[in-house]
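Given the structure of chain A, go ahead and fit chain B onto it with the hints provided.
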Amino acid sequence: MGGYLGSYATLGLLLAVGVLFFLVAMTANRLLRTNRPSAAKSTTYECGLDPVGGDWAQAQIRYYVYAYLYVLFAVEAVFLFPWAVIFDDPGFGMTAVVEMGIFVGVLALGLLYAWRKRVLQWT
Amino acid sequence: MTTADVLMLALGAVAVGAAAAVVTTRQIVRAGLWLVVALGSLAGLYLVLSAELVAWVQVLIYVGAVVVLLLFAVMLTRAPIGVSEDLDRSRWPGLLIGGGAGLGLAALLIDAYQWSTVDLADGAGAEEVGAAIFRSWVLPFEVLSVLLLAALVGAIVISRPDVSARVGR
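Residue numbers (the numbering used here), protein chains in the order written: chain A, 1 to 123; chain B, 1 to 169.
Hints are supplied without guarantee of correctness; some may be wrong.
To be verified - Here are the simulated SDA-like cross-link-like pairs (lysine to any residue), alpha carbons at most 25 Å apart as the crow flies: (1) A:K41 with A:A25; (2) A:K41 with A:R30; (3) A:K117 with B:L148; (4) A:K117 with B:L69; (5) A:K41 with A:L23; (6) A:K117 with B:V143; (7) A:K117 with A:G101; (8) A:K117 with A:Y63; (9) A:K117 with B:L149; (10) A:K117 with B:G125; (11) A:K117 with A:A25; (12) A:K117 with B:V153.
What the hints assert, rightly or not - According to the in silico footprint, chain B covers these stretches of chain A (three or more CB under 8 Å from chain B): (13) 15-25; (14) 35-48; (15) 85-97.
Honestly, the hints are just simulated from the structure, not real lab data. Think of the CB as a built atom: it goes at the ideal place given N, C-alpha and C, for glycine as much as any other residue.
Just chain A, with the same shape it has in the complex:
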């Protein structure tokens, strides 16, 4: 298989081999190992201490800002791809670089704001 779909078939084959490798390794492990489960073994391992409370805790709102920063810079990265493809073409050059510079600069203001408001600080 060649052409466009063929190049992705190679990627798919690689993924399939990767999954197969994982399955074979884990199955071999399961077949060869001894299996003596006990109540103490199947409790959650938490640094050697007995786990306390439920397994689900409400997350702090401050994590949300990190997730949102990630969304923001993912959107920025998305616009960097088409820009990186064309900025060397005739008719773009310096203009495109300046335009992208303004875009990234405005978004960097957001990061600056978050930094100045100590949102990025942990304690």
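Positioned in the frame of chain A, the structure of chain B alone reads:
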């Protein structure tokens, strides 16, 4: 049927099945994870249609960022988590609206494109989009950065009471 047709059908079936699982599961976190499958197979459909840029944007933004935001929103609001019996709204109006919108859009698209065919380009996309943005749509592109900045500042002010208190003082 060509390979592309088979892949389209298979990925479409996965997308529809996962989307149905999103709205029928009783565990809200699983709904979010089914959404990953649905959006991911949609990205696969874009790949088959040789729209590589759109496909990877779909993976980066929707599968990555938006689902992370959704899961964070769940983790912030619904704790402890588990089977939620109150997830369902009345089913028939939802089915009617969802099915009606789907069938209506399908009828509209089938009517618009009839049986016209388009040759698939070999993984194009990025170059055309880049040329369009940096030639014709520069101003909306720059305004978009201001919009994103405003959204970030708003999210920080709303989510951090200490920040908004300092602003108010």
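Hints and how they fare:
1. A:K41 with A:A25: holds (22 Å)
2. A:K41 with A:R30: holds (17 Å)
3. A:K117 with B:L148: Given pair K117 of chain A, L148 of chain B holds - Cα atoms ~18 Å apart, limit 25 Å.
4. A:K117 with B:L69: Distance ~22 Å between K117 of chain A and L69 of chain B Cα, so the pair holds.
5. A:K41 with A:L23: holds (24 Å)
6. A:K117 with B:V143: Distance of about 24 Å is within 25 Å: holds.
7. A:K117 with A:G101: holds (24 Å)
8. A:K117 with A:Y63: With a Cα-Cα distance of about 15 Å, the restraint between K117 of chain A and Y63 of chain A holds, given a limit of 25 Å.
9. A:K117 with B:L149: holds (14 Å)
10. A:K117 with B:G125: violated (39 Å)
11. A:K117 with A:A25: violated (49 Å)
12. A:K117 with B:V153: holds (10 Å)
13. 15-25: The restraint on the region 15-25 of chain A is violated, since only 0 of its residues have a Cβ under 8 Å from chain B and three are required.
14. 35-48: violated (count 0)
15. 85-97: holds (count 8)
Violation of the numbered hints given earlier is confined to hints 10, 11, 13, 14; the remaining hints are satisfied by the structure.
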